[in-house]
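K.L.:
Next come the chains, spelled out residue by residue.
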Amino acid sequence: MNTVDFKTLLNQKEFILLDGAMGTMIQKSGAHYAHSPETLNITRPELITSFHRAYIEAGADIIYTNTFGANAYKLMDSGFTVEEIISAGVRNAKNACEGTDALVALDIGPIGMLLEPAGALRFEEAYDYYRQQILAGRDADLIVLETMTDLYELKAAVLAAKENSDKPILATMTFERSGRTFTGVSPASAALTLTGLGVDALGVNCSLGPDELEPVVAQMTRYTDLPLIVKANAGLPDPNSNEYSILPDRFAQCVKALLPYGVKLTGGCCGTSPAYIAALKEMLASERFQPCPRSADTCVCSAATVVEINGPRIIGERINPTGKKLFKQALVNNDIDYILTQALSQVSGGAELLDVNVGHPEIDEKQMMVRVLKAIQSVCDAPLQIDSTKPEVLEAGLRCYNGKPIVNSVNGEEKSLATVLPLVKKYGASVVGLTLDENGIPKTAEGRFEIAKRIVERAEALGIDRRDVYIDCLTLTVSAEQDACRETLQALHRVKSELGCKTCLGVSNISFGLPNRELVNSTFLTMALEEGLDLPIINPNIPAMTGAVRAYRVLAGIDRNSLDFIQAYRDASPAVQSAAQSLHSLADAVYHGLKSEAAQATKQQLCDTDPMDIVNQMLIPALDRVGEDFEKNKIFLPQLIQSANTAQACFDVIKQHLSRTGDQSVSKGKIILATVKGDIHDIGKNIVKVLLDNYGYTVVDLGKDVDPQLIVDTAVERNITMIGLSALMTTTLASMEETIRLLRAEPALQNPDGSSKCTVFVGGAVLTKDYAMKIGADFYCRDAKESVDAAKQVLQQ
Amino acid sequence: MIALEALDRREALRYLGGAAVEPNETMTRLMDGCEAQLLRVAQPKYLYRVVDLPCEELTVGEDIRRHLRGCDRAVLLCTTLGASVDRLIRVAQVRDMAEAVVLDSMASVAIEQVCRKADELIAAQFPGCFFTFRFSPGYGDYPIGLQKTFLRLLDAPRRIGLSVSESCLLVPAKSVTAIAGISEHPLERQRRGCAVCNLRKTCQYRRNGEHCGF
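In the order they appear, the protein sequences are chains A and B. Mapping to the numbering used here: the first sequence position 545 is 545, numbers consecutive. Mapping to the numbering used here: the second sequence position 53 is 53, numbers consecutive.
Worth flagging that the hints you see were computed from the coordinates, not collected in a lab. Any given hint could be a false lead.
Computed from the model, here is a short list of chain B residues facing chain A with C-beta under 10 Å [unchecked claim]: (1) Ala3; (2) Ala6; (3) Thr26; (4) Val51; (5) Cys55; (6) Val60; (7) Asp86; (8) Met97; (9) Val102; (10) Leu151; (11) Val164; (12) Ser165.
Below, a sample of chain B positions facing chain A; criterion: calculated Cβ distance under 7 Å [to be verified]: (13) Met27; (14) Leu30; (15) Gly33; (16) Arg90; (17) Val91; (18) Val94; (19) Asp104; (20) Ser167; (21) Cys168; (22) Val171.
On a predicted model such as this, the values are computed, not experimentally measured, just so you know. Virtual Cβ for every residue (Gly too), placed ideally from N, Cα, C.
Turn these sequences into a full structure, and let the hints steer you where they fit.
P.N.:
Below, the structure is given as structure tokens:
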């Protein structure tokens, strides 16, 4: 057993020296291995131990095991198990450390498959891969997670390490010359997220030479108080000779230049050797560690975008079913696209953060929260606020979130403090603290301030920075309690100035029951901003609200030189409302994809035409005409889609009209769509969806990479018998076949005579009609148009 | 590494179906916008490595053996437009599907252009040599499952962020892996016929009585 541990090293040593490259040593030795270099742990243990030994002799305090790629995916065809390779790897390293104080770090690299949303590997599956490695490496002294390019994958690894061991964790990512990783992660997001998750040191490895890492290291250190790690490559490899460009002495000098950023641990990556470690040791002998406290204010982030709360920032409130009929319907129908549209339009409106609340009695809120968070993060970089009253929903959301989120919320009740704050700490989030408790909302500013104080104290006791607690002093309705507004503002002012916390506030409640609510809201917002409001939770698509925040930022001197303000309004000109009668007939407008004209024309038609006649005699024939022209190659696919979207605008007008006049439905029938298991290319399926939607069918879109059983279950639960499947690759056609087989075999989807109730239509690049029939489909649809034809044939009987 | 220039619109239009007509103004505007976005976010990268033949691990099936006949070495190549293009297309699918399909087709054109540039850059490293055309896993009887081997041999996940899913889909999606034979002697001119193409039964070009040109 070692006499020292990592924490002691950290406290006692000026610098901690890591080792250099393992791969380079193996390559230079010419050692032959059949599958991957990790197999040498078993076939050539003495060789691997000798490399470790050379690094220790050169001065390394910590050596990394030869287990970088030792995960179940990469070792699949190696003939060895993860446990065999890793335990041998740790043993070799331990043997090398014999008689020294050097520590052994279990080295873990990326799995080798990309995670959702870009790839198909689920976050939860990634966690399982890492868990296996961490358990196999139980005899190591610490855990190193390195060469990561995806923060999401790294988060899975950190959680796996934290939950399956109590070892110190070092985490490093690899950045490109663009200053980001391959998946677009910024050094700032990495530093914030990893610090929040509670790793022991973080930094950069591999990437570039140390001469090019300054921007990365400088950015990281702004966002963390943790010691930084730099384990750079020896410059760039020559593509022909594979020799690296930076020699040991220069390497050490380049690392020296990075020390002022708080670098405490350093070593070498690709192309380095014991000579580089010796050079580092020599250089460090005459240097002092230079602590570099974080300089950024409190921040939240997604993987790509950091939002520093150093002035008012808008939180979009629209992803919330409360009082929104369409939103509730979308939740019940699993219509994730609807929610994504809300996310994107709020960001265009000016929101920098988005609140996400999917609480609704008819759905499984936990599952939905995970699904929605993952989906929003796949298209939107704004950091998110996870909003639920249920701790289990908060935890599920925190787990799958990529970055540092806000939790909405904790309050002064003991139960809330005891359940929510530990989650905030564990997952490294910020949290909204509501100034209410068992006794309700205190009437006075004093009472709310006291609760705020209590929340902050409890947070700090758990190690949560008070800057990460955003206090909400609660807006009450002014028409009911006129003087309450002043109490809210006073409490806000005191929290800001006396507690040094950030503040947030839902604004719209203030005007409930009054006419001209917008005016009251925006005035209240301005008053609150002046009292120190940092995070207004508003509808960013109301120009007066977003405008109030933007103008305030100019007037308070935050938006220097009014740059953001000018950027936002430079091109704004008063909207010209066209009252003119549409020049086109409804059919023509649909054909040409003229959305607003078509909607206008629909409104006019509704004055004297039956809604269903508009659908059946105008919209559908117009779409048919477009479809025919597409088939004859007279128009291009985007034009077909534009016409379909235009028809959608008309349907919306008709639906609104119908909901005013009665409850009649325009739906022509329900259809399930899914891209089959294993397949993540769903653009074809999405085109089909647009067309079916706009022909008036209700589409239940299960997304991509869909488990066959989920499709069957949905068909049974929702009583849907028309099912469309897409597959792009020959490798995933088997999933399509399996899905059809399960659909046919499900008793609940069979007629009394045992025949199947389901109609299955299929499509996809590699599919042929023969093959479609062979696997038991009813229709082979070459393109989106043919899918509509199939739907018509089946559902209009 | 490789800079993308103007994208071949004719080619993109063919993917979009309407080969019989000229694009109207709407289409042209749509394509202008999509091209600008693609050129802004794409981060084209390529990676290659030369292997000696015969190479058992890589010559699986009749078609590739025929393809590499007469070559003593081969170049393994992979290219990608990077993760940002996938994301761009994903976001467009929420915002505007019409734009999404144009982006998708133009990105397909872009990755082929990147491959052609990579071909030129690699050829310049081998003066006096002759190359076969690029042959990719999934062509003819060449197993799609070899994607994983290609990427491992090229160290592609680490070096250019290109990986493959369990069902052999490349991630990022707008990426290519391929092998081309190298010979010091002139090679019999091959044509990338429809016969070896696994899209031959569903091909848009064939449907329109055309040929993709490979």
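K.L.:
Indicate, hint by hint, whether the structure satisfies it.
P.N.:
Hint check results:
no. : hint   : in the structure
1   : Ala3   : violated (14 Å)
2   : Ala6   : violated (19 Å)
3   : Thr26  : holds (7 Å)
4   : Val51  : violated (15 Å)
5   : Cys55  : violated (15 Å)
6   : Val60  : violated (14 Å)
7   : Asp86  : holds (6 Å)
8   : Met97  : holds (5 Å)
9   : Val102 : holds (5 Å)
10  : Leu151 : holds (9 Å)
11  : Val164 : holds (7 Å)
12  : Ser165 : holds (4 Å)
13  : Met27  : holds (6 Å)
14  : Leu30  : holds (6 Å)
15  : Gly33  : violated (11 Å)
16  : Arg90  : holds (6 Å)
17  : Val91  : holds (5 Å)
18  : Val94  : holds (5 Å)
19  : Asp104 : holds (6 Å)
20  : Ser167 : holds (4 Å)
21  : Cys168 : holds (5 Å)
22  : Val171 : holds (4 Å)
Comparing the model with each earlier hint shows violations of hints 1, 2, 4, 5, 6, 15; every other hint is respected.
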